[in-house]
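With chain A's structure known, arrange chains B, C and D on it following the hints.
Residue numbers (this note's numbering), protein chains in the order written: chain A, 1 to 318; chain B, 1 to 318; chain C, 1 to 318; chain D, 1 to 318.
Derived from the structure by calculation, the hints contain no laboratory data.
Computed from a prediction, not measured in an experiment: that's the story for all the values here.
Be a bit skeptical, because a hint or two may be false.
The list treats identical chains as one, so a pair stands whether inside a single copy or across any two.
What the hints assert, rightly or not - As a list, the in silico DSSO-like pairs of lysine-lysine whose alpha-carbon atoms are at most 27 Å apart:
#, residue 1, residue 2
1, K314, K266
2, K168, K220
3, K61, K42
4, K266, K214
5, K54, K76
6, K127, K92
7, K176, K43
8, K89, K266
9, K266, K92
10, K266, K176
11, K133, K89
12, K298, K214
13, K166, K63
14, K106, K42
15, K133, K76
16, K54, K42
17, K106, K133
18, K54, K89
Number of protein chains: 4
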Amino acid sequence: MFSNRCTVFLLNNARYMSTAKPTVGFIGLGNMGAHQAANLIKKGHNLMVFDLSKDNVNKLKEKGASVASSPAELAKNCDVIVTMLPASKHVKGVYCGENGILSTVKPGTLLLDSSTIDPETAREVSKIASEHKATMLDCPVSGGTGGAEAGTLTFMVGGSESDFNKAKPYLECMGKNIVHCGGVGTGQVAKVCNNLVLGISMVGVSEAMNLGVKLGMDPKKLAGIFNTSSARCWSSELYNPCPGVLENSPASRGYTGGFGSALMNKDLGLAVDSAKSIGEPLPLGNSAHQVYTLLVAKGEGNKDFSVVYDFLNKRSDN
Amino acid sequence: MFSNRCTVFLLNNARYMSTAKPTVGFIGLGNMGAHQAANLIKKGHNLMVFDLSKDNVNKLKEKGASVASSPAELAKNCDVIVTMLPASKHVKGVYCGENGILSTVKPGTLLLDSSTIDPETAREVSKIASEHKATMLDCPVSGGTGGAEAGTLTFMVGGSESDFNKAKPYLECMGKNIVHCGGVGTGQVAKVCNNLVLGISMVGVSEAMNLGVKLGMDPKKLAGIFNTSSARCWSSELYNPCPGVLENSPASRGYTGGFGSALMNKDLGLAVDSAKSIGEPLPLGNSAHQVYTLLVAKGEGNKDFSVVYDFLNKRSDN
Amino acid sequence: MFSNRCTVFLLNNARYMSTAKPTVGFIGLGNMGAHQAANLIKKGHNLMVFDLSKDNVNKLKEKGASVASSPAELAKNCDVIVTMLPASKHVKGVYCGENGILSTVKPGTLLLDSSTIDPETAREVSKIASEHKATMLDCPVSGGTGGAEAGTLTFMVGGSESDFNKAKPYLECMGKNIVHCGGVGTGQVAKVCNNLVLGISMVGVSEAMNLGVKLGMDPKKLAGIFNTSSARCWSSELYNPCPGVLENSPASRGYTGGFGSALMNKDLGLAVDSAKSIGEPLPLGNSAHQVYTLLVAKGEGNKDFSVVYDFLNKRSDN
Amino acid sequence: MFSNRCTVFLLNNARYMSTAKPTVGFIGLGNMGAHQAANLIKKGHNLMVFDLSKDNVNKLKEKGASVASSPAELAKNCDVIVTMLPASKHVKGVYCGENGILSTVKPGTLLLDSSTIDPETAREVSKIASEHKATMLDCPVSGGTGGAEAGTLTFMVGGSESDFNKAKPYLECMGKNIVHCGGVGTGQVAKVCNNLVLGISMVGVSEAMNLGVKLGMDPKKLAGIFNTSSARCWSSELYNPCPGVLENSPASRGYTGGFGSALMNKDLGLAVDSAKSIGEPLPLGNSAHQVYTLLVAKGEGNKDFSVVYDFLNKRSDN
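One chain only, chain A, in its complex shape:
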């Protein structure tokens, strides 16, 4: 049935159009979500949106979206709903709260949550959705606001093979690389574990670059050695935290732009939570989380997460 609808949709569309286009719902029109929603409209979808901020809503309204007064109202009118929310508690609220999606959701609705939250919550809410005969997949993204705007996000998707295939055409309106990670929750697992390694290696590369420089080594030479041997990693090669090593890195423009320390702190916090919930040790993950918590507490939350190099490098003489 659903695949029929998809087929109809695909047949009639330059790629995504259909005679009676289904309305897609979108909740959470922040820095990421606003771009994702706009891209869904660009690809020809009728969009109904909801956000607590009137300003955010108006921007999408201008682009042709209709507006719902609550997640519940939106859910009454949509067969596919995409959400992009800050944290687990917002996901719980928007789906399971009063006037939430699940209070009115139609059987068969496809729910695509692109928020980054802990896998446990993702599984819990998905299970509740299934009790309402709706299908909820976790589809966290990587690629930042740039990727969201350009429609080149990577989606890490957790759900059954067939549900993944249903979700894919919608996700392809917003992203370029749609990866099926396994059953429900594994999208979040992949995202959390990826960013765990990323955060750890960024702090590690920062410590090593700082140590090497302080011991008298040229930073470009040191990075060059890393990148051709066993220290090679994304944080060193493509995002080196030492100013001047890479021309276009956030480090070379005062740690502006990029991926904020506060966001890395949040993602490492999810890893810490997930590990704690199943009793797994995470010694370096915890240390890295503490480093970012301190960075944020010291006012560096809005700077790119490679600012940890600067934090280690700088000396104060109180």
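Relative to chain A, chains B, C and D alone:
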């Protein structure tokens, strides 16, 4: 062919050329040094060796090396001396101790220390050598016993440009990739910093692979995501610590072979020492060092350093 | 004598006095709760109990308690309810869930939660209770099962001064030391912070005792020095983790009895959570939590939390 | 009175008695040593001093000390020598270096090193001293400059029972509490282990006080609960790091005076080194060391070591 190049070099270099080939000295004939010394013989050098172990000495004697009764006797007879020793105190002893190299060293002798030691000691001993009018360069290696045997080691060399050029032909007899890192000591700095990132990222990848697997994700799929995104690193891509992800990794053969946990513990200890000596913070380096210290204390020192995955993964029920 | 004091109190306090004694409810009859409930009966209270385990319920029934079929039924019949539950989610469930206390609670009911949970949840549930016109205080305890049986627990109470005074006579039936910590939630704050220091100092004393002993020092002499100088702390003086230092410590009887590592792991986890929720750094708290997580993963969760000394001290030769 | 006892001892002890009092040597006249040396003069000893700083030497000369031009010259003239030096390398230099004590030391000389250094160096130098037929004991102190001035230091002494008894009367001229810790090196072991626990518990108490205060608890109330329960420790009870909790703590006077963060960083560094040298894990010791290394790097090295509370508590908004 390679030995030809060595010969050509010798012919063209007034300083080290002689009708009778100069004798090269080699001290420290352990797992690494024995192979390096053998490669120097293969490339046509007359070799004089010293080691505390008679067995080690005899193996090289059989390959044509002459034998010295002490570093001092060796230094009297050689214009170039290569050393490969376990730790800083052995380097201090062999160079500066009673009957040490510097007690008899000839002015102009080229001293190539391929041990991995702390940069401070490297600089200190090099300075003492220069007071004896000898030139000492730090040339630590990467590539393991395999690389030592095949003559494909990477040498990270600290010393002046011109001294580096003098050393290069000898190092090329034992290695493939000879990198000039900067002034005296920077070879050790590069080695220590590289292995600092390596140790941290290995523990980080192990934590993340273990967390992902315990949260229900397929390890190959998880590694695949890491390797195509921002978690990509040597430890994940070429040396994944989770059994079965890479066919030929130490993890897939019971953590045998490879680079022992005890050696990684030693190298992280050098990073910790170096950072401490100049008052630099090293939060993750210290955490990683603690993980390996614990691994060694629990009897895993001889297993490959990727065994940290197994340590985190395994459950005991006392 | 003590029961006299209870009686006197009841005579002088119009609000809680009655010719027919009011029924006290008790939910959570585990290792701690069963003793607390029994002590309320001993002090003359009519008790109504609920627990998911029939066995637990029957033991209290034999001592004279009446039995409720659900928290909701219990709440209909009681003016004062004490709860003793394993973790935050159970507290949420028992109070706010279907058939929970708050679904039927009578206005003016005094709710005394002696569970150890995170302060945020304590405040959240208390706020919901107040919307039902009931008063909920957090009253976590210290003193272990021994203190629960003997009625000598310490209660750390969060709530207004006047609510504290209402709660005190009931708590005095179960404990000896009833401390008013401040507003709602501060009982949990005090408990969490106390056990944070306790866990950190226990690991710290264990590291130092182990280091000293391995460096050749007599453990009793070392502990003696600690206890008369600036290393003095409860973990060293009254609960020394090194076997033989104190005759009656868990360490001297194979780390049996006492306070389990798994419970310390849970309490440190609460501190980690609380700090994370407000963005506060907790470097040693996190390290200590990781040590206990590893201990539990390695099968030592049921041993006394001073077993960390043994874990650091023991060598394995795999 | 005390000097009487000193005299009596000297009269009764053949080995150290003489009609003309033996000259005591003192090397290292810094903040601590100057006071110790002055107290030896006060108790009636003839003192010969050496220090690299002319100013330091002159102050003692004014008090009646004679002056040596080198440790070697001093050692020729003294039967008992006390040293108070900043770190291991200075101890090695003053004892074993050119013109060092051991180059001229008389057989039977009693060498009392009150520096805080690593136990390994203490044992090494003591062994070399014994090869020169001199007896060297490690006698590190606690009590700070206040205790040094008042002559109320605690000495932790490593050496044989009989050597301890020979040293005691001299140490009693400078301190009040003279503790025999065991064989050579154990004085340093005791000092290092004591300050390891102290540093860890200070950071732990600071984390917990900061967490509690940020979660809305009154700091005096929280400290009161700690001090009457299992969080009780010297750092909370006598040296609470939260301003206002104790009237006379460094915390209540802007973290001035007291024991500097840089010194705690040094002592934790000794613990880290000692543990590393014998392969013992030290997870919290390392974390605490990192905290103090960061504090010093951020310019807080001269403030009292309880300033860690302030560091955790303060927020910056860059």
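Checked hints:
Taking the shortest Cα distances, K314 and K266 sit within 27 Å of each other both inside one copy (24 Å) and across copies (21 Å). Taking the shortest alpha-carbon separations for K168 and K220, only the inter-copy value of 22 Å comes in at or below 27 Å, while the best intra-copy value is 42 Å. Taking CA atoms no more than 27 Å apart as the test, K61 paired with K42 passes inside one copy only; the shortest distance there is 13 Å, against 68 Å between copies. Taking the closest pair of Cα atoms, K266 and K214 come within 27 Å of each other only across two copies (20 Å); inside a single copy the shortest separation is 30 Å, beyond that limit.
Proximity of K54 and K76 under a CA criterion of 27 Å is satisfied intra-copy only: 21 Å inside one chain copy versus 44 Å between copies. Both within a single protomer and between protomers do K127 and K92 lie at most 27 Å apart by alpha-carbon distance, with minima of 12 Å and 19 Å respectively. Only within a single protomer do K176 and K43 lie at most 27 Å apart by alpha-carbon distance; the minimum there is 13 Å, versus 53 Å between protomers. In this assembly of identical chains, the alpha carbons of K89 and K266 lie at most 27 Å apart whether taken from the same copy (13 Å) or from different copies (22 Å).
Taking CA atoms no more than 27 Å apart as the test, K266 paired with K92 passes in both settings, with 17 Å inside one copy and 25 Å between copies. When the C-alpha separation of K266 and K176 is checked against a cutoff of 27 Å, the pair qualifies only within one copy, where the shortest distance is 25 Å, while the shortest distance between copies is 42 Å. Proximity of K133 and K89 under a CA criterion of 27 Å is satisfied in both settings, with 22 Å inside one chain copy and 26 Å between copies. Within a single copy, K298 and K214 get their C-alpha atoms as close as 23 Å, and across copies as close as 16 Å, so both meet the 27 Å cut-off.
In this assembly of identical chains, the alpha carbons of K166 and K63 lie at most 27 Å apart only when taken from the same copy (26 Å versus 60 Å across copies). Taking identical chains as interchangeable, the C-alpha atoms of K106 and K42 lie at most 27 Å apart only when both belong to the same chain, with a minimum of 26 Å there against 56 Å between chains. Within a single copy, K133 and K76 get their C-alpha atoms as close as 14 Å, which meets the 27 Å cut-off; across copies the closest is 36 Å, which misses it. For the identical chains of this complex, K54 and K42 are intra-copy neighbours only, at 22 Å inside a copy versus 61 Å across copies, given an alpha-carbon limit of 27 Å.
Only within a single protomer do K106 and K133 lie at most 27 Å apart by alpha-carbon distance; the minimum there is 8 Å, versus 37 Å between protomers. For the identical chains of this complex, K54 and K89 are intra-copy neighbours only, at 21 Å inside a copy versus 35 Å across copies, given an alpha-carbon limit of 27 Å.
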